[in-house]
Amino acid sequence: MKRALSIEPEATSTEQALKKARAEAEAEHMAGKAEATDSAFKVALNANQRWASELQNHDSSFFPTSAKGQAPSILWLGCSDSRLPETTILGLQPGDVFSHRNIANIVSPTDISVLSVIEFAVFHLKVKHILVCGHTSCGGVAATLANGNLGVLDIWLQPMRALREKHAAELEKLEGNEKATFLTRLNVHCSVGVLRGIPTVIEAMQERGMTVHGLIYHLDSGKLEEVDCDEPEDIRKTREAVFARK
Amino acid sequence: MKRALTTEAETPPTSTEQAANKKAKADTMPVNKETDGSAFKVALDANQRWATELSTQDADYFPSSAKGQAPSILWLGCSDSRLPETTILGLKPGEVFSHRNIANIVSPTDISVLSVIEFAVFHLKVKHILVCGHTSCGGVAATLANGNLGVLDIWLQPMRALRERHAAELDKLEGAEKATFLTRLNVHASVHVLRGIPTVIEAMQERGMTVHGLIYHLDSGKLEEVDCDEPEDVRKTREAVFARK
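Residue numbers (this note's numbering), protein chains in the order written: chain H, 127 to 372; chain B, 15 to 259.
No false leads were mixed into what you were given.
Derived list of chain B stretches under chain H, where covered just means 3 residues or more per stretch with a C-beta under 8 Å from a C-beta of chain H:
id	segment
1	52 to 63
2	72 to 80
3	84 to 92
4	96 to 106
5	120 to 129
6	145 to 159
7	222 to 234
Bear in mind the hints are in silico, worked out from the structure with no lab data behind them. Positions of the beta carbon are idealized from the N, C-alpha and C atoms, including for glycine.
Whole structure, please, built from the sequences with the hints as guidance.
Dropping the structure here:
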């Protein structure tokens, strides 16, 4: 029977106290029923109106120009985690980053959702860079390192669990955050590997120099760090020979 | 054989604009790989600056953020670069759990969206799901056309089925109005699919979670609610059919 995950895997006693306080607040909140539960939605709608009006005042051509089309240079494949809004953390503007976010930024070679995004962004919009971004304290990574019964999430996380299996010896030697971050990097590296086998991506890399990058976002600093996804020459040659299409 | 879509699909630019756009693109288009690297480097540098500024303003911001997330909202929107949900909602990192795909299609057997819903609704217990379409959507334009798009044709099939079902109404419309009509139908269909997902049904019944449909107007930056209210009899039938013991 599936059970809810604890969402803060490394909670200290202070954090546990915070969690309890938040749970109590939520209970009070829910007791206030409809008016209270609508508030986050209404707050968001109001904030959107304000944001749009401010931007309009600041630059009256921004929205009309934006409506004419998009020409992003970057495709972002990241995690759905609320702390990773790509345009915000990249310090960029609407129009700069085409974005697909899923649980734990897993790129699976037969996932039609990510394949459609890649097809549109790479073949049609001709983005110049694909950024695959994982992050510290990822709930999907924590779930993969645990053994809970998670229903549909177990199906989704299977590629990462296979990585955990393959690297079991190395992971055994690590603990806590270090262990999680190690698996996070492996997952980013693996996603980059999958991208390198997708025909549309291969063509774009060969024909117009599009590049694929792996990143990890450090939640405790807000800073992105590149994950080394360089391939030894012999591996690259084998891959190209196997994946070439005539 | 598949062909590239024109990217300014909805309101084609005038010939003067087209000439200007073409020139502007040619001027900014990099001609070699090192200049191609610039958008990536620019992004990395902008991230460093953003993180440093935020940290300076509030030394506790990132350490607190690293402890966990408690977003109230799950956003199911389009991957279009002009729709970064946290930015357009005027909110901050930590507030919106987000899944963006081509044309914000919610398909009942798409394991990617189902996993996001499972995590956000069952584990994180978000209070609201927002499904958001937008004007000038490339996926909508592609659905209203008949190009050969390879894997995208598979992905867009649910929306093409909507086009088929509402062909008579769509035939009476043109241009932006036609596209926006299909966009609203698509949002409505996605909300309907959500209402049939067990995890969503339980959360709505047990803790009052709500599902909302929205359309984002690119030319103003403003969100508008899409009416997804159900007549009482439709709701009762749906609940009877989807109830699980």
